[in-house]
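A.B. asks: Using the sequences plus the hints, can you model the full thing?
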Amino acid sequence: ETGVTQTPRHLVMGMTNKKSLKCEQHLGHNAMYWYKQSAKKPLELMFVYSLEERVENNSVPSRFSPECPNSSHLFLHLHTLQPEDSALYLCASSQAGSPTGELFFGEGSRLTVL
Amino acid sequence: QKEVEQDPGPLSVPEGAIVSLNCTYSNSAFQYFMWYRQYSRKGPELLMYTYSSGNKEDGRFTAQVDKSSKYISLFIRDSQPSDSATYLCAMRHGSGNTGKLIFGQGTTLQVKP
Chain S
2 ETGVTQTPRH LVMGMTNKKS LKCEQHLGHN AMYWYKQSAK KPLELMFVYS
52 LEERVENNSV PSRFSPECPN SSHLFLHLHT LQPEDSALYL CASSQAGSPT
102 GELFFGEGSR LTVL
Chain X
1147 QKEVEQDPGP LSVPEGAIVS LNCTYSNSAF QYFMWYRQYS RKGPELLMYT
1197 YSSGNKEDGR FTAQVDKSSK YISLFIRDSQ PSDSATYLCA MRHGSGNTGK
1247 LIFGQGTTLQ VKP
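In the order they appear, the protein sequences are chains S and X. Note that this note's numbering has the first sequence beginning at 2, numbered continuously upward. Note that this note's numbering has the second sequence beginning at 1147, numbered continuously upward.
Treat the hints with care, since some could be wrong.
As the list claims (entries may be wrong) - Chain X is faced by these chain S residues, among others (derived, beta-carbon under 8 Å):
1) K41
2) K42
3) P43
4) L44
5) F65
6) L91
7) G102
8) E103
9) L104
10) G107
11) E108
12) G109
13) T113
Unchecked claim - Partial pick of chain S residues on the chain X-facing surface, computed with a CB cut under 10 Å:
14) R10
15) Y36
16) E57
17) V61
18) L89
19) C92
20) F106
Simulated from the structure, these hints should not be mistaken for laboratory data. Since the model is a prediction, treat every value here as computed from it, not as a measurement. We treat Cβ as the ideally placed atom computed from N, Cα and C, and that holds for glycine.
C.D. replies: Right under this line is the structure:
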């Protein structure tokens, strides 16, 4: 596997379910991110982990809970979601301190909340 | 006012046309400007990167930054059907906030054969 991989690619859940999204990066990067992408809206940064420490939390509701057990893995735990949380959730990684700060994205997990 | 404004389109052009994609922004502290391309059912990938003002060319693609007008552009020459995608502008401060990009909402481009 190369790059950034996300599982599952598609997820349908009810408002009372608990599920998790998984991300794994094979690029040797030291920073990982969760973004939310909704139709006709800019990418919204949700969480940033740098060197496994959360350094950014953009006022995301507590029903979203991130976990970064090591520099290669990132999870987004989902609990009691709302229909408006339906979106594409993108994981990304980067090398903190690189000149461009380029983000490498996974293909996303398409979430539908019924 | 949004920090970054981008016309969502969709923009439809015939094959071979010159395409102009644009973003405006309000924060004069932005110094790093990027264009990401996102194909359907894929994640965004970096296409072009520019620091401060000026032009940068890469094959059929040219990125321009006009900091005095707070305006950036991406030009695609001899557009191909394979260029059909959503193009996202992104920018960040130069204060070492690596990776904290502010994105536009993306412009969907369709190049018709």
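A.B. asks: Work down the list of hints and note, for each, if the structure agrees.
C.D. replies: Tested hints:
Nearest Cβ of chain X to the Cβ of K41 of chain S: about 6 Å, under the 8 Å cut. The hint holds. A least Cβ separation of about 6 Å between K42 of chain S and chain X falls short of the 8 Å threshold, and the interface hint therefore holds. For P43 of chain S, the shortest C-beta to C-beta distance to chain X is roughly 4 Å, which falls under 8 Å, so the interface hint holds. The restraint placing L44 of chain S at the interface with chain X holds, with a minimum CB-CB distance near 4 Å, inside the 8 Å limit.
At about 19 Å, the closest approach between the beta carbon of F65 of chain S and any beta carbon in chain X exceeds 8 Å, and the interface hint on this residue is violated. For L91 of chain S, the suggested interface contact is upheld, since its CB lies about 6 Å from the closest CB of chain X, less than 8 Å. At about 4 Å, the closest approach between the beta carbon of G102 of chain S and any beta carbon in chain X falls short of 8 Å, and the interface hint on this residue holds. Evaluation of the E103 of chain S hint against chain X yields a held restraint, the C-beta minimum of about 5 Å falling below 8 Å.
Among the interface hints, the one on L104 of chain S holds; its C-beta lies about 6 Å from the nearest C-beta in chain X, closer than the 8 Å criterion. Interface hint status for G107 of chain S: upheld, as the beta-carbon distance to the closest one in chain X is roughly 5 Å, under 8 Å. With a cut of 8 Å, the hint placing E108 of chain S at the interface with chain X holds, because the nearest CB-to-CB distance is about 5 Å. The closest approach between the C-beta of G109 of chain S and any C-beta of chain X is roughly 6 Å, which is under the 8 Å cut-off, so the hint is satisfied.
The beta carbon of T113 of chain S is not positioned within 8 Å of any beta carbon in chain X (closest approach about 15 Å), and the interface hint is therefore violated. For the restraint placing R10 of chain S at the interface with chain X, the shortest Cβ-Cβ distance is roughly 9 Å, inside the 10 Å limit, so the hint holds. Hint status for Y36 of chain S: holds, given a least beta-carbon distance of 8 Å to chain X, under 10 Å. At about 7 Å, the closest approach between the beta carbon of E57 of chain S and any beta carbon in chain X falls short of 10 Å, and the interface hint on this residue holds.
Look at V61 of chain S: its Cβ only gets to about 15 Å from chain X, farther than 10 Å, so that hint breaks. Evaluation of the L89 of chain S hint against chain X yields a held restraint, the C-beta minimum of about 9 Å falling below 10 Å. The beta carbon of C92 of chain S is positioned within 10 Å of a beta carbon in chain X (closest approach about 8 Å), and the interface hint is therefore held. Interface restraint check for F106 of chain S: the shortest CB-CB distance to chain X comes to about 3 Å, inside 10 Å, so the restraint holds.
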